[in-house]
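Trainee: Starting from the known structure of chain P, fit chain D onto it as the hints suggest.
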Amino acid sequence: MTVALTSALTAPLTALAPLPGDRATLIALAAAKSPRAISLPLAARLKPWLYAGAFLALFIACCIDLQLGPQVLGDGFTKLGAITGAMLPPSDGGNLVHLLRVIAQTLAIAVLGTLFGIIFAIPLGLVAARNIIGNRVVHFAIRRLLDIFRGIPVLVWALIMVAAIGLGPIAGIVAIAFADIPRLAKLFAEALENADERQRQSVRVTGARVSAVIRFGFLPQILPVVLSQCLYFLEQNFRSAAVVGIVGGGGIGYELQERIRIFAFDEVAFITLLFVATVALLDFGSGRLRARLS
Amino acid sequence: MRPQLSLAPDDGARLAFERDWLRRARQSRRQTLVWSLATLLLLLASVQLSEVTTSAVGAGWTERVADFIDRLFPVLRLDSLFAGRDVTGSLARWYYDLPRWLAAMRETIEMAFVGTVVGGAIALLLAFLAARNLTPHRGLRVFIRRGFDFARSVPDAVLALLFAVAFALGPVAGALTLIVTTVGALGKLFSEAMENAHGRQIEAVKATGGSWILQMRYGVIPQLLPQLLSYWLLRMETNLAIAASLGIIGAGGIGIELDRSISFIEFDTYLAILLLTIACIFMLDMMSELIRHRLTGPSH
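Protein chains in written order, with this note's numbering: chain P, 1 to 294; chain D, 1 to 300.
For reference, chain P alone in the conformation it holds in the complex:
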C-alpha cells in the first residue's frame, strides 16, 4: 500500500488517482516523504521567534540607554507642535533677494566642491583600477584606504576644514571635495575596470597612437558613465553644501542655523521650502541630463 501511495504522490497532477486511505495516513505519508513541509521540528519553529525576541530586547535596551521614553517623546512632540505652528505661514523676512543669492552660492559651493573632488579622484581612480595598476598588493592597499576614508561624513570634514582654513565657503568647498574624493575614486576605478578591452584592442590594431587608442577606444566607453556619476554627486553635494554652512562653511546652512537660534521658525520654514524646491529642480535637470547620457 505504501508503494502505491508514494507513486500516487509523485505522479503528475493530471494523472492523480483518488488516494486510498484516510486523512491521517496521508499526512503521515507526506510527512515521511518531506518532513519539513508538514511540520517543522520545535527547535526550527522557535528559532525565528528567538531571533525576534533578542532583536526586540536589544532595541528596548538601546531606547532605555538613550532615554527615549514616552515622557520625553510626549514633551518633545508637544514642543514640536508649537514649533510647527510657529512655522505657519512661512515668511521670507523681507530679504528674498538675499536668500536667493545665498542659495545660488550654496549651489556654487557644491559645483566647485564636486569639480575639485573629480580632479583629485581621477588619478586615484586610475591607480585603484585593477586593469591599470597590475600589482595586487598596491591595488588592495589603495582600495582599503579608499574604503576607510569613504566612511568620513562631510560634516566631519567641514568641522576640521573650518578649523584649518577658517570660516567661509573655501572650507565648505574643500570639505565637500575631501568627502567626494574616495567615493568618486572608487566609482571611477570600477568604471575603468568594466571598460571593454576589445574596443581598445580594435583601435590599437589599426596602428593608432596611444592618444588615439585612449580617445576612441576608451573614453567613449567610460565618459558617459563617469559624467552621469558626477552629475549624481553634484545633486548629493548640493544637500551637503547646505549642511557644511551650519559649522561655518558658507552657504544656506549658516542662514538656517541663525534663524533657528533666534526661533524665527517662519523664516526657517520658508528657507527650507525654498531649498527643497531648488533641490527638486536640480534633481530634475540633472536627471534629464543623465537620461540623455545613458
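A few of these clues could be false.
Stated by the list, open to error - Some chain P residues near chain D, calculated using beta-carbon distances under 10 Å:
#1 L68
#2 D196
#3 L256
Claimed, not checked - Label pairs and their in silico Cβ distance ranges:
#4 P/A52 <-> D/E289: 22 to 28 Å
#5 P/F140 <-> D/P136: 48 to 54 Å
#6 D/P99 <-> P/L56: 16 to 22 Å
#7 D/R64 <-> P/G74: 44 to 50 Å
#8 P/V137 <-> D/R138: 55 to 61 Å
#9 P/A43 <-> D/L290: 38 to 44 Å
#10 D/D149 <-> P/G74: 25 to 31 Å
#11 D/R200 <-> P/I132: 42 to 48 Å
Derived by calculation from the structure, the hints in this document are not laboratory data.
Ideal placement from N, C-alpha and C gives every residue a C-beta, glycine not left out.
Mentor: Using the frame of chain P, we list chain D on its own:
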C-alpha cells in the same frame, strides 16, 4: 582633417552617405562645444558666486595650515609608547579620555540602530501603500511618494537642529532625525523593489481568498525579504556615519566629543577621536557586509 571626396558622378549613394556623415560629425562637434561652454560658464559663475576669490582667507594661510597640520599629529615617542598617561609621547596620553569616547561611540551606534529600526519599519509599512502594483488607493500613493521625496531633500542637519530645539540637545534629537531621513530613503527603495516583485505569488494568495494584508505578508514579503534586509543593512551603515556627524551640531554621541576637541583647539585629540570613529564604522561596515553577502549572495 576632412576626407577628400573624389567620387564618380554616378556614385550618388556614397556621396549622400559622406554628406550625412559629415553633417553628423559637425553636429556632434557643435553639441560638444555648446556643452563645454555651458559647463565653463557654470564654473565661472560658481567662482564668482561662492566668493572664493574675495573671501578673506588672508595672507599667511599657508603658515596657518602648516601650523594646523603640526598640531594635528600627536607627540609619540617610541621609547615611551606604552607608558602611562602622564608620560609625554605615550599612546595613553594621546587617548587620554578613551572610556568617555567609547561611551559616546556606543551612544552613536545606538542612535543609528534605533533610527534605522524605527525608520525601516515605518518605511516598510508605507512602501506597501506607495508601490504602484500594490497600493489600495492611487491618490494615497502619490501623497506618500511626495512625502518620501520631501524627507529626502530636507538636509538632515537642519532637521537635527529643529529636533534639538524641541527635544533638547542629545541623542533623542539625533535618533528622530535618522528616523525621518531613513523613512525617506528606504521608503523609496522598498517601494521600488516591491514594484518589481513577481505578481504570481500575490495572485496565488489572492486566489485562496487572502485579504490585502495576507497578500502582502505571504505574497510579497517572502520573495523580497533578502533584498529588503540588504537595503536595510546598507542604510544602517549610512546612518552610522550620519549619526557620528550629527553629534557635531548637538545631536549626541561621538560628534559632541569631536566638536569639543575643536573648540578646545586640541587637534591631536580630534585626530584620536576621528581614528576611533573610523575604526568603529569600518568594523561595523565589515560585519554588515558579511551579513549582506550571506543574504543575497556575492552578486549584490
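Trainee: For every hint, state whether the structure bears it out.
Mentor: Here is how each hint holds up against the structure:
1. Because the smallest distance between the Cβ of P/L68 and any Cβ of chain D comes to about 6 Å, under 10 Å, the interface hint for this residue holds.
2. The interface hint given for P/D196 is broken, as the beta carbon of that residue sits about 20 Å from the closest beta carbon of chain D, more than 10 Å.
3. With its C-beta approaching chain D no nearer than about 5 Å, P/L256 sits inside the 10 Å limit, and its interface hint holds.
4. Look at P/A52 against D/E289: about 23 Å separates their beta carbons, and that is inside 22 to 28 Å.
5. In this structure the hint that P/F140 and D/P136 lie 48 to 54 Å apart at CB holds, the actual value being about 51 Å.
6. For D/P99 and P/L56, the hinted distance range of 16 to 22 Å is not satisfied, since their beta carbons lie about 29 Å from each other.
7. A hinted range of 44 to 50 Å holds for the C-beta pair D/R64 and P/G74, which are about 48 Å apart.
8. Taking 55 to 61 Å as the suggested C-beta distance range, the pair P/V137 and D/R138 conforms, at roughly 56 Å.
9. Look at P/A43 against D/L290: about 25 Å separates their beta carbons, and that is not inside 38 to 44 Å.
10. For the pair D/D149 and P/G74, the supplied restraint of 25 to 31 Å holds, since their beta-carbon distance comes to about 29 Å.
11. Evaluation of the 42 to 48 Å hint for D/R200 and P/I132 yields a pass: the beta carbon distance comes to about 46 Å.
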